[in-house]
Amino acid sequence: MATILQLNEAIQALVRDGDTIALEGFTHLIPFAAGHEIIRQRRRNLTLVRMTPDLIYDQLIGAGCAAKLVFSWGGNPGVGSLYRLRDAVENGWPSPLEIEEHAHAGMATAYAAGASGLPFGVLRGYLGTDLPKYNANIKFIECPFTGEKLAAVPAHRPDVTVVHAQKADRRGNVLMWGVVGVQKEAVLAAKRSIVTVEEVVDRLDAPPNSVVLPSWVVGAVCPVKGGAFPSYAQGYYPRNNAFYKKWDGISRERETFQKWLERHIMGTRDFGAFKQSLEEATQYA
Amino acid sequence: MATILQLNEAIQALVRDGDTIALEGFTHLIPFAAGHEIIRQRRRNLTLVRMTPDLIYDQLIGAGCAAKLVFSWGGNPGVGSLYRLRDAVENGWPSPLEIEEHAHAGMATAYAAGASGLPFGVLRGYLGTDLPKYNANIKFIECPFTGEKLAAVPAHRPDVTVVHAQKADRRGNVLMWGVVGVQKEAVLAAKRSIVTVEEVVDRLDAPPNSVVLPSWVVGAVCPVKGGAFPSYAQGYYPRNNAFYKKWDGISRERETFQKWLERHIMGTRDFGAFKQSLEEATQYA
Amino acid sequence: MPEASYSADEMMTIAAARMIRNGASLFVGIGLPSAAANLARLTHAPETVLIYESGTIGTRPSVLPLSIGDGELAETADAVVSVPEMFAYWLQGGRIDLGFLGAAQIDRFANINTTVIGEYRKPSTRLPGAGGAPEIATCCKEVLITLRHSKRAFVNKLDFLTSSGHMEGGDSRERMQLPGKGPTAVITDLGVLTPDPVTRELTLTSVHPGVTAEKVVENTGWPLKVAPVVETLAPPSENELRVLRELNERTRRAHTEQV
Amino acid sequence: MPEASYSADEMMTIAAARMIRNGASLFVGIGLPSAAANLARLTHAPETVLIYESGTIGTRPSVLPLSIGDGELAETADAVVSVPEMFAYWLQGGRIDLGFLGAAQIDRFANINTTVIGEYRKPSTRLPGAGGAPEIATCCKEVLITLRHSKRAFVNKLDFLTSSGHMEGGDSRERMQLPGKGPTAVITDLGVLTPDPVTRELTLTSVHPGVTAEKVVENTGWPLKVAPVVETLAPPSENELRVLRELNERTRRAHTEQV
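Protein chains in written order, with my numbering: chain A, 1 to 285; chain B, 286 to 570; chain C, 571 to 829; chain D, 830 to 1088.
Just so you know, the hints here were simulated from the structure itself, not pulled from any lab data.
Since no wrong hints were added, every one of them can be taken at face value.
Quick look at which bits of chain C chain A covers, simulated, 3 or more residues with Cβ under 8 angstroms: (1) 643-649; (2) 662-670.
Subject to a maximum C-alpha distance of 30 angstroms in a straight line, what follows is the list of computed DSBU-like cross-link-like pairs (lysine-lysine): (3) D:LYS1010 with A:LYS149; (4) C:LYS711 with C:LYS721; (5) B:LYS544 with C:LYS692.
Here are the in silico distance ranges between beta carbons for each label pair: (6) D:GLY947 with A:GLN258: 22 to 28 angstroms; (7) C:THR646 with A:GLN258: 50 to 56 angstroms; (8) C:THR769 with B:LYS418: 23 to 29 angstroms; (9) C:ASP579 with B:THR541: 27 to 33 angstroms.
Using N, Cα and C, we set each Cβ at its ideal position, and we do this for glycine too.
The task is simple: from the sequences and hints, build the whole structure.
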């Protein structure tokens, strides 16, 4: 059964230095509040797994939490580069970052294999590309019936998966909807899990066949209103595209990034205070 | 784009002698009306694929439509045997029936592999059982990363899949809910498909993330009110458990079965007439 | 309560229900397993998570389903997933504490047959087949089996091995790398057999009230090992019996509406 | 309409949009592909089924999404599926008529690079990487590629092969058993290249109004083959230009709300 906790307690209890951790959410429902709390609690040497590192991993990497990144598309969506990721890969700042690079199909297959209790997943992928040259976790196998050549990737089995969802009930059953990405697979593939939610309600009122994570497969549920900002929560608030664009300027240079990090993340108590500090900075900018 | 057709036209156009055909629906939404129409149109030498043959394949087998059955659980759920299936397997009546026998996990994996465009699927299954001795379509492979032994089954790729759903809109987009079984996978795995529906509506009003088959992946949509009887359509009518029990008596002997078949299926024009004839038989019984 | 006031089947169902820990996730087959699981949920184990292979998770039916996919299972479930997802993410994913199976034949190492009596290609009786059982037997953390005791059912050699128990005994299951730990109890209408911790051979460890160890041995098709001390289980409590009978009566009424 | 009244980028988008057959299912990347696909949908191809890798099928956004998973894509979709399902059942399932990709580098056989400029382990520029592109390039029945024409982009040798086009040309793609038939056109801000039916080498077959074949050759990093007759495409129609500009303007406004 999931325990309903404050986010800082959940990160304290469930995320350890050196963990392999997946903070998932495909554009939608990205668990930014949890990412910030990991930065605040100064976790180190994490292996970060995520299809699209997005701003959330740019922040974790720039803050020095990561030793390795497993990913398939590392840009600022619709804007450009992730400069903290690039600085770590190209210049080893603030520390060297090992990368294990996949395509989306391979990452999705690896999460699904993890959720399925299989050691590996099979896909019609990677054929002809240079990716297998640089990633020993991409192999090729033969179909035992037709002899066709297919790609194989080992299952993702994160120590911890963190996702954000719209709702949980008081027993810790979780409901999400809209673009649901690989969140369910990432939670089911993980040894431990944290779900931040917009709200905790008396009754989920989940429509038939919706994406529900029953309480007993979730570790901790943490209410964090707005916890996916600047990504979005369908039915609650839209994606803050302006912030995604603004991040380009904040993250381009180490100095501006560090000032932003110190002021808005390290200098705030929690995600509510972070958002207030961001608002104040905008008002008086 | 799906074409909206009468059921007899759809069966006429899309189901051919010798086809491999999957009529799916896991207890719920079993496409009985379509099964009856295949019997009426006297299709022969079909390879019938279905996890649970249920009454629908007992009827098709007894009527002489089938040459082969691919399945994983062949009983009358909660009642007992499927006598027409047993008579075909044990005594070759009305004609010999080849069987290819799986477990549910293998069948589900094979449909998912078919939907995924893969030649085979992998599962942690069949280990230690006698099933692989009698089914050449169960092989074992090694994980290329861990060396673990896992089962492999070839993908199901039916010539035609037929399912029943609650609703379609006028463009042929299909919505189903409740126990959705392997229907989506079976449709996506097939070369051609027919979906019978309770009703055709102006707007689907599908909840987010519900099970929708977009019109362009469906061959024909056929409105058949009550077309899943005696199974059920959630939100429309319950399972007719009494008929499932009654089938035990109807199907036990060849003679009673044949009389039932002649009177209620061969002797009726369509599924509406079938149900009326069944009602009359009950009234005057 | 006088002895004759309950049947052997009722005692079997109640004995099986008692083995279910509150809060456990249960993968449930139709028939006796379903009755026992629901009885547990309605008595001492209200937090039990019932899972049926039709894709219904955390379901709370008011009557026993006739089929594994009855509408009420979906209506009262916490979540309803597709069948491929059920087998891949939930069962194979190793999330289920307890699998609950019936059987037509069982051998001394709790391997079971639900496929054929006689030769596979020329069966004397064709049974329904595997269904979800082989992977329930291997992927659940633990497995319970319930069936009626008879020499026809408790056989020296299975006609067909449908679902793996402890294979040839000893560590043969582990060597095969089957994920779960296999059957931990077989509950019959006479008593309960549990595998020997070392040899994994089924051993009679308790009997139902009024049943002797001799009677169980007589009804077993191999020379059944009997524990040095065989416990006698407590008879059904009034509450267990009342809840079970009400459940069966609700079920009977619900499944006999006119066609 | 006078020639200077539209930009080369607008012409590129419009030329790409014109290649989209009404009713086709399209797997769409962000940026130019998304603009072209939505322009097609808003002009000659209203029945086009737009699919984004975020899991949105048959979506009808009123503005261009900034990300591949913007909320409006889900709200206006016929169906929203999980990402594993999208890649397995929909893309790998072979259901998509047309994949639409951008690129940082392309070679003469329409293989593309979106991973790194320079050495992989010591890149001069680290690009976002593969995303969905490798499997879009192999599993869609047909692929269109759009990018701006320059010697930096149209290179003699890719720094990294991210997504397979026609490999080494000839039948090398077929020999590798890639399921789809690969890139059928490359649409740039100067014109359109199509693979030679036999050698599969990209060949200049049409130019935008006012562009010469020489200019395209000059901006290509290998000795570009030029078709015997190079067609000049029709300039943007008033309607194409109006719809595209309105779309871009709506998009600009929607993506600049205050933080």
